[in-house]
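Student: Spelled out, the chains give:
4 protein chains.
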Amino acid sequence: MNNFGRLFRISLFGESHGIQVGVTIDGCPAGIPLTEDDLIKELDRRRSGAKGTTPRKESDMPNIVSGVFNNYTTGAPITVLFENANTRSKDYSQFLDIPRPGHADFTAQQKFKGFQDYRGGGHFSGRITLALVTAGAIAKKLIHPVEIKSDILEIGGNPNIQEAIDNAIRNKDSVGGIIRCIATNMPAGLGEPFFDKTESLLAHIIFAIPAIKGLEFGAGFEAAKMWGSENNDNYITADGKTDTNNAGGINGGITSGNDLVLKVVVKPTSSTSQKQRTLNVKTGEMTEFIVEGRHDTCIALRVPVVLESAVAIVLADLMMQEQQIPKVYEKK
Amino acid sequence: MNNFGRLFRISLFGESHGIQVGVTIDGCPAGIPLTEDDLIKELDRRRSGAKGTTPRKESDMPNIVSGVFNNYTTGAPITVLFENANTRSKDYSQFLDIPRPGHADFTAQQKFKGFQDYRGGGHFSGRITLALVTAGAIAKKLIHPVEIKSDILEIGGNPNIQEAIDNAIRNKDSVGGIIRCIATNMPAGLGEPFFDKTESLLAHIIFAIPAIKGLEFGAGFEAAKMWGSENNDNYITADGKTDTNNAGGINGGITSGNDLVLKVVVKPTSSTSQKQRTLNVKTGEMTEFIVEGRHDTCIALRVPVVLESAVAIVLADLMMQEQQIPKVYEKK
Amino acid sequence: MNNFGRLFRISLFGESHGIQVGVTIDGCPAGIPLTEDDLIKELDRRRSGAKGTTPRKESDMPNIVSGVFNNYTTGAPITVLFENANTRSKDYSQFLDIPRPGHADFTAQQKFKGFQDYRGGGHFSGRITLALVTAGAIAKKLIHPVEIKSDILEIGGNPNIQEAIDNAIRNKDSVGGIIRCIATNMPAGLGEPFFDKTESLLAHIIFAIPAIKGLEFGAGFEAAKMWGSENNDNYITADGKTDTNNAGGINGGITSGNDLVLKVVVKPTSSTSQKQRTLNVKTGEMTEFIVEGRHDTCIALRVPVVLESAVAIVLADLMMQEQQIPKVYEKK
Amino acid sequence: MNNFGRLFRISLFGESHGIQVGVTIDGCPAGIPLTEDDLIKELDRRRSGAKGTTPRKESDMPNIVSGVFNNYTTGAPITVLFENANTRSKDYSQFLDIPRPGHADFTAQQKFKGFQDYRGGGHFSGRITLALVTAGAIAKKLIHPVEIKSDILEIGGNPNIQEAIDNAIRNKDSVGGIIRCIATNMPAGLGEPFFDKTESLLAHIIFAIPAIKGLEFGAGFEAAKMWGSENNDNYITADGKTDTNNAGGINGGITSGNDLVLKVVVKPTSSTSQKQRTLNVKTGEMTEFIVEGRHDTCIALRVPVVLESAVAIVLADLMMQEQQIPKVYEKK
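Protein sequences appear in the order of chains A, B, C and D. For the first sequence, the positions run 0 to 331 when numbering that gives the first Met the number 0 is used. For the second sequence, the positions run 0 to 331 when numbering that gives the first Met the number 0 is used. For the third sequence, the positions run 0 to 331 when numbering that gives the first Met the number 0 is used. For the fourth sequence, the positions run 0 to 331 when numbering that gives the first Met the number 0 is used.
Worth double-checking, as some hints may not be accurate.
As the list claims (entries may be wrong) - What follows is a list of derived Cβ distance ranges for each label pair:
(1) C/Ala84 - D/Glu146: 46 to 52 Å
(2) A/Asn62 - B/Thr34: 57 to 63 Å
(3) C/Arg46 - B/Lys148: 50 to 56 Å
(4) D/Lys240 - C/Gln93: 19 to 25 Å
(5) A/Pro144 - B/Lys148: 42 to 48 Å
(6) B/Thr243 - A/Asn69: 53 to 59 Å
(7) C/Glu146 - B/Lys40: 48 to 54 Å
(8) A/Arg5 - C/Ala84: 36 to 42 Å
(9) C/Thr243 - D/Ser92: 25 to 31 Å
(10) D/Glu146 - C/His143: 46 to 52 Å
(11) A/Ala84 - D/Ser92: 34 to 40 Å
(12) C/Gly156 - D/Glu291: 40 to 46 Å
These aren't lab readings, by the way, just hints derived from the structure by calculation. Even for Gly, the Cβ is constructed at its ideal location relative to N, Cα and C.
Model the full assembly from the supplied sequences, consistent with the hints where possible.
Tutor: This is the structure in structure tokens:
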């Protein structure tokens, strides 16, 4: 199921080492100014290159092939393509027999019985998040005046990010982290009970981001230690602002107009330079191996823009449902 | 959006103090033995009555009105109704002006502008989870040989549940807790990348359960503190069993055949016997109030069966997609 | 798949001789005045009783059990139930072996392998159209200023309806007919290319009405005999009115503001008082039989209100997508 | 809404004179042999070139960019792209003011307020049916042993096709026609009451094909003239074959195993070499004009393969729902 969304609908495709990766955004209003440059700004935030991320130069140039005319969206589906390039010809087929711990090698094989494109993770690759960031860049244009920001709270349990990364590189191991996302200037009233509560839709798309294994809103797991009288947020203004924000801006699945606050955990990159033990499922023998080649020490560093994109996509859809975004913008 | 599911589809309706609450299950295979008694077993687990839960005697008798013939499902939509009864006639309209902290009073008003049925939480009431438990009871019949169990890990930060409840009652406050759900005998290969990953679907429905504010799979937030080499689960058997289960039985969004393990946080019941401060949004004045009447000290106590139901509903759908559940069972 | 609609969503259930038939309407805006009386007006138009329709007194009293509070819709799902009553205890199980020509006896058996509720047609019964008419009655309240009217063009090939019915009764046979539906005061711009063209959505729901076997828009099949220059409708006013309306008010799947015009064919009632030959599929022997009991001579007579309802349901959804219907009405 | 399908899902995009047209097929089983050559066979049937079709040489070479690995489908979404080429730079913007009768110029302008890509019909162009034929070519590989064939019954009311075309060319006008589609070797039991009846799903996608204005199953509109005893198809074999096939192979929305038979009307091509009158909606003056350039005399000639594709797409989805098509094929 590679589609998501009710009114702002995205549909993605592609594999890490295939020909192209892409995304189709259907239901986007007509009349939004849009060029490749608008996308590049966001896509660059996702790029590797920083310390702790893979040095691979990805081919991240977006190519808008439909749905935009005279630099404005038309109301027809917008498709954005990315060529795959710079892929190494190393032999990934070994991972069919010796599935890498933490990767999807084993589960993909169970599901697709050897037909999956296993090169570089195939359709399970983090490269597919290009599609999310592209759709998110467009969604961000719609959700005015909402602003979405993400920051890294900790890496490997350490709030000093750089120190944590240096540490991991020194240890030749990978690390994960915790990312927070905050949306400000939120409208009240978003979310569609019972099943399309704001948390439900956000959780749906956020858990589709590779490596996310936990999600909490507001006080999250801390709420389990509080009294109700502590955890409840008291209203202090007539437009619903509260003194605390343990609810993360959502009550009963509906936004309250307070900041939307959520945190996710990104697991450590599955590929690590440490020697690992795993099973050769064909021979039944335990084996040791080291994942060779380039890989991110900490994939969490690249998650903030992906997380923001996921949030923007959901908010765009919900604001469209609330008729806070027009079907067609005014022509200038 | 009160529908959920692709092949095993549920559609729910009702308000706390309305005439009836109910659920329609569409897409359920034909040929499953089903009577009201099958449902009652599960529904009873959700009932109040235990210490820490509301003494209100709910009218929880299910009434199957369609989709079952000669005690077997027919393949047509199954509708199960519950009469509402024993509702007190107290005045809930005051909460339009003085929204209760933690409740959906304010957000519902923002969204539905006064048309919402505000009595007893209306469509936001926990009573609606009757629908989930009903659908879950049916789903559990389909997902053989999978077994789902939930347990309460802690209440108010205390692993001694009874002590925690007694404490809260003594303090005249409410508490939350952490619930774990485990599914065993799991098939490998469930989950539909990119957006219908197993975590995504589970998260979608789980966050629709009132009072859930966080969810993690396997090691969850703890993974942020581990090295990759620690967090990775090493395969030890040819059918994919791993030595650890930090992934919670899911890699790349697809089940591995290891136990599915997840935890949720249930926030403290919003209604508490403590005096609370909130705003009269009409007059703009701060006011103090105490929520009167019956309410659960700890709603988390009633969540396990709801959580299991949510998991069962998703697994039934995914197993149907994998053709592991027939469209029509063999006639006996 | 008993759900239909994107924003105005209906979900129906029930069998002819089961306990209840019903419908849930999800996504209906809050603030619409609604009582059972509003529904009865439309439901009465569907009632039997006229010459040529079955004399069975159906239990057609609607019971709104959710989604309405103080006589206004709340924004939560609206469920309307109908008790089944006055069902005869005749033996329908014989039709498992001797499937009635024209009925769904054989196909239901092929699909549901004997688990289907075969009494009175079960879930295939025309009684299920109560659900459509109910949803349609609500939809009609939303689509202001659009007016929908249906009329019977011919019965048994005869534009004199009464004569045709009398003829059929005299011949102890059943007849079908052609029904036209026209929607006036149409907004331009409805329809969502490529797949949710106005014709596509209308056709989807209209072919779900039992006994409909053909549908055409505007000139329909006659267009095959015209030159392009004849068939094209020439614009004569700046708001898009055309001199002819061979397109039936839709171009490129999008409404033009001209009247929406469509015609359907309703096949003759499958139950007829004529002796029929069919096969005993168990013994393999040809057999003759006469369908006993009450049945409509001409089910087409009851279709107009059902057809209008189907059209209203689609237009409500499309007008909601165009933001021509508010999510919440103004409070009076 | 450019998506269609429950399990076999297609998503299309592109404009006539844009950069690329394409389709993503999601949910296709893994393990189907697939190369561009497989697609070309079907795409060639849609090509122009025959007398009565436009001489434009379209760039109809498919490019599979995802979802296929080692010449087999992988289970990941399959995207197929087509470059647009050979587009003339004529000025289409005049049609914003002077909408061509029969075309979507006026309705697109009403809906998209000038942002639509109006060149060559944009997203409304018949070129988009490349996407349908591509998806249909894949669907046909899945629905074994079903065979689908289409034929042209009449053009311009004349069963002599060539004569009709010659006539139209001589008259410098365009003509429409009636196309029949038959699927043989049909399984019984396809179709999902109430809303996803076989007719409903077929009608949904068929009316999305440009220029289709009518659809009938089996006897279709003729049924309105028959007695019930004539129209009913009598069973003559134990596996459900009937002596006549007035139902077109569908009863109660479910296939009976008899041939699926349907007919559509294709309206005459809107572009005609005849002088036409229309309104300049800006100046309010009537004007005469002739559509210049290349256009099909009879678009109906190109419809058969598109119609077959639409039928194949629906049958693939329904057969997947019946578990008659595996999720993953056996590896050879």
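Student: All hints are to be evaluated individually against the structure, with a verdict given for each.
Tutor: Status of the hints after comparison with the structure:
1. C/Ala84 - D/Glu146: 46 to 52 Å: holds, 48 Å
2. A/Asn62 - B/Thr34: 57 to 63 Å: Holds: the Cβ-Cβ distance is about 59 Å, inside 57 to 63 Å.
3. C/Arg46 - B/Lys148: 50 to 56 Å: The hinted range 50 to 56 Å holds for arginine 46 of chain C and lysine 148 of chain B, with Cβ atoms some 52 Å apart.
4. D/Lys240 - C/Gln93: 19 to 25 Å: Because 21 Å falls inside the window, the suggested range holds.
5. A/Pro144 - B/Lys148: 42 to 48 Å: Because 46 Å falls inside the window, the suggested range holds.
6. B/Thr243 - A/Asn69: 53 to 59 Å: Between threonine 243 of chain B and asparagine 69 of chain A, where Cβ atoms are some 56 Å apart, the hint holds.
7. C/Glu146 - B/Lys40: 48 to 54 Å: Holds: the Cβ-Cβ distance is about 52 Å, inside 48 to 54 Å.
8. A/Arg5 - C/Ala84: 36 to 42 Å: Holds: the Cβ-Cβ distance is about 39 Å, inside 36 to 42 Å.
9. C/Thr243 - D/Ser92: 25 to 31 Å: For serine 92 of chain D against threonine 243 of chain C, whose Cβ atoms are near 27 Å apart, the range 25 to 31 Å holds.
10. D/Glu146 - C/His143: 46 to 52 Å: holds, 49 Å
11. A/Ala84 - D/Ser92: 34 to 40 Å: At roughly 38 Å between Cβ atoms, serine 92 of chain D and alanine 84 of chain A fall inside 34 to 40 Å, so the hint holds.
12. C/Gly156 - D/Glu291: 40 to 46 Å: holds, 45 Å
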